[in-house]
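With the hints as extra help, turn the sequences into a complete structure.
So the sequences go chain by chain: A and B. full-length UniProt numbering applies: residue 1 is where the first sequence begins, and numbers increase by one. full-length UniProt numbering applies: residue 1 is where the second sequence begins, and numbers increase by one.
Note that these hints are calculated values from the structure, not bench results. Check the hints yourself; a few may be wrong.
In silico EDC-like pairs for lysine to aspartate or glutamate, Cα to Cα no more than 16 angstroms straight-line [stated by the list, open to error]:
#1 A:Lys-152 <-> A:Glu-168
#2 B:Lys-54 <-> A:Glu-142
#3 A:Lys-235 <-> B:Glu-241
#4 A:Lys-6 <-> B:Glu-3
#5 B:Lys-152 <-> A:Glu-192
#6 B:Lys-230 <-> A:Glu-246
#7 B:Lys-58 <-> B:Glu-71
#8 B:Lys-59 <-> A:Asp-187
#9 B:Lys-238 <-> A:Glu-246
#10 B:Lys-6 <-> A:Glu-246
#11 A:Lys-175 <-> A:Glu-142
#12 B:Lys-146 <-> A:Asp-187
#13 A:Lys-230 <-> B:Glu-71
#14 B:Lys-152 <-> B:Glu-71
Number of protein chains: 2
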Amino acid sequence: MNETIKQLSSRKSIREFTGQSVKDEDLELIMKTAQRAPTSVNGQQISLVYTRDKETIKKIAKLAGGQKQIENADVFITIVVDFNRTSFAVSQTNEIQNIDKSAEGILVGAVDAGIMLSALQVAAESLGYGTTAIGGIRNNPEEMIKLLNLPKKTYPIVGTTIGVSTKEAKESPLKPRIPFESFALEDIYDNEKVKEGVLKYEVQLKDFRVKNNMNYMQSYCEQMSNYYKKIYNRKVAKSYETQGFEFID
Amino acid sequence: MNETIKQLSSRKSIREFTGQSVKDEDLELIMKTAQRAPTSVNGQQISLVYTRDKETIKKIAKLAGGQKQIENADVFITIVVDFNRTSFAVSQTNEIQNIDKSAEGILVGAVDAGIMLSALQVAAESLGYGTTAIGGIRNNPEEMIKLLNLPKKTYPIVGTTIGVSTKEAKESPLKPRIPFESFALEDIYDNEKVKEGVLKYEVQLKDFRVKNNMNYMQSYCEQMSNYYKKIYNRKVAKSYETQGFEFID
Numbered sequence: 001m002n003e004t005i006k007q008l009s010s011r012k013s014i015r016e017f018t019g020q021s022v023k024d025e026d027l028e029l030i031m032k033t034a035q036r037a038p039t040s041v042n043g044q045q046i047s048l049v050y051t052r053d054k055e056t057i058k059k060i061a062k063l064a065g066g067q068k069q070i071e072n073a074d075v076f077i078t079i080v081v082d083f084n085r086t087s088f089a090v091s092q093t094n095e096i097q098n099i100d101k102s103a104e105g106i107l108v109g110a111v112d113a114g115i116m117l118s119a120l121q122v123a124a125e126s127l128g129y130g131t132t133a134i135g136g137i138r139n140n141p142e143e144m145i146k147l148l149n150l151p152k153k154t155y156p157i158v159g160t161t162i163g164v165s166t167k168e169a170k171e172s173p174l175k176p177r178i179p180f181e182s183f184a185l186e187d188i189y190d191n192e193k194v195k196e197g198v199l200k201y202e203v204q205l206k207d208f209r210v211k212n213n214m215n216y217m218q219s220y221c222e223q224m225s226n227y228y229k230k231i232y233n234r235k236v237a238k239s240y241e242t243q244g245f246e247f248i249d
Numbered sequence: 001m002n003e004t005i006k007q008l009s010s011r012k013s014i015r016e017f018t019g020q021s022v023k024d025e026d027l028e029l030i031m032k033t034a035q036r037a038p039t040s041v042n043g044q045q046i047s048l049v050y051t052r053d054k055e056t057i058k059k060i061a062k063l064a065g066g067q068k069q070i071e072n073a074d075v076f077i078t079i080v081v082d083f084n085r086t087s088f089a090v091s092q093t094n095e096i097q098n099i100d101k102s103a104e105g106i107l108v109g110a111v112d113a114g115i116m117l118s119a120l121q122v123a124a125e126s127l128g129y130g131t132t133a134i135g136g137i138r139n140n141p142e143e144m145i146k147l148l149n150l151p152k153k154t155y156p157i158v159g160t161t162i163g164v165s166t167k168e169a170k171e172s173p174l175k176p177r178i179p180f181e182s183f184a185l186e187d188i189y190d191n192e193k194v195k196e197g198v199l200k201y202e203v204q205l206k207d208f209r210v211k212n213n214m215n216y217m218q219s220y221c222e223q224m225s226n227y228y229k230k231i232y233n234r235k236v237a238k239s240y241e242t243q244g245f246e247f248i249d
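In structure tokens, the structure reads:
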């Protein structure tokens, strides 16, 4: 096993930070490294808005639903889907961009954002820092857009904290994943395997909860039910539209 | 610089393969490692459908627009947004899942897919393999859905090739990225910096083209214009709808 595989295999979200700083040169290296991540048709339709300003980080924590784990982070990076950049590039050839008016465009932006998020976190973690992905910024997209001064054709889709992990957080046990054979399917999707996987995982996660005295933790089915029986972020489609996007063919 | 940073910093898409095999144990390690990637609310709303079957890979290459780089790959992994799994989990609590009927759900799936894509590629590349992300499967989503036997509430959003890179592909020069200061913006978005970045990059990429005798390569503005003045994948919104998704709040 090489260092990269080791790192990815033991990866966990870090939600408790010591308050120590992420070094300036490390932050730059993290973002420069992540910039090499693949991007659809070399579009580079992602921009980062990063902040170390405590007041701004506090505001983001509040907008994301009052998240302590953001407030205590040293750095917050918002991953911005940026079809404003590409629109300007298209205009240089005297054409008009239309991809932002499509489901294809919205999805290309979202997938590239996920790639960027992962690259930022992997780079940060390789330097010893802790991170957590923050989807909660979609709780108040209009406020995030104002706070970061985002123009039309851009969207603050997800973010990440970066900080120095506490010892306890670093040493906390790795939560199991769904059984591998219900996640990686050969040649065709197998609904029976997927369902069996959920049932087995439910038992495994409950065992894990007991073994680690994590009574506060929900089981998989409980957590999925609590989140997914409703639509918990209610302004996403509307704010995409306000930013000039359309989910059509 | 550690090994992980080195690897990410020199990362490039590999489109030419020797035809040698990806070892079975490596493929398993790649997918197991990637399964540890972060996932929104521990939903694990991604499944992989992987194939080494030459006939299936040929079909995918054709569906994705006739891509030689897929046909010659040893492995193809489709990253499937999977709200079928979570729906089953929700049903175990006698509730009904609604997140798939929302922009929030569609975007969570897409971002998690990007994270998974990146994790798969980083793991594969750490073992010496080459990869390219394939968005072209969205060119014919209905056919991909049939081919992979995907149920409702799932979507084949992106894929990746894996193979053994030719020496030439491995040694090809790294294409420059947009200027860093127009990609990573401090505290607020700066439209002037973004525009300046496009103009500088246009010159840099043209210089790179001349220096490397890559006359076939489009400049950034040309490429963005050719792709983004139109909506090049025209069945995405419709096929999402057919799969049971809705982009609403």
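- Return the numbers of the hints above that this structure violates; sort them in rising order. 1, 2, 3, 10, 11, 13, 14
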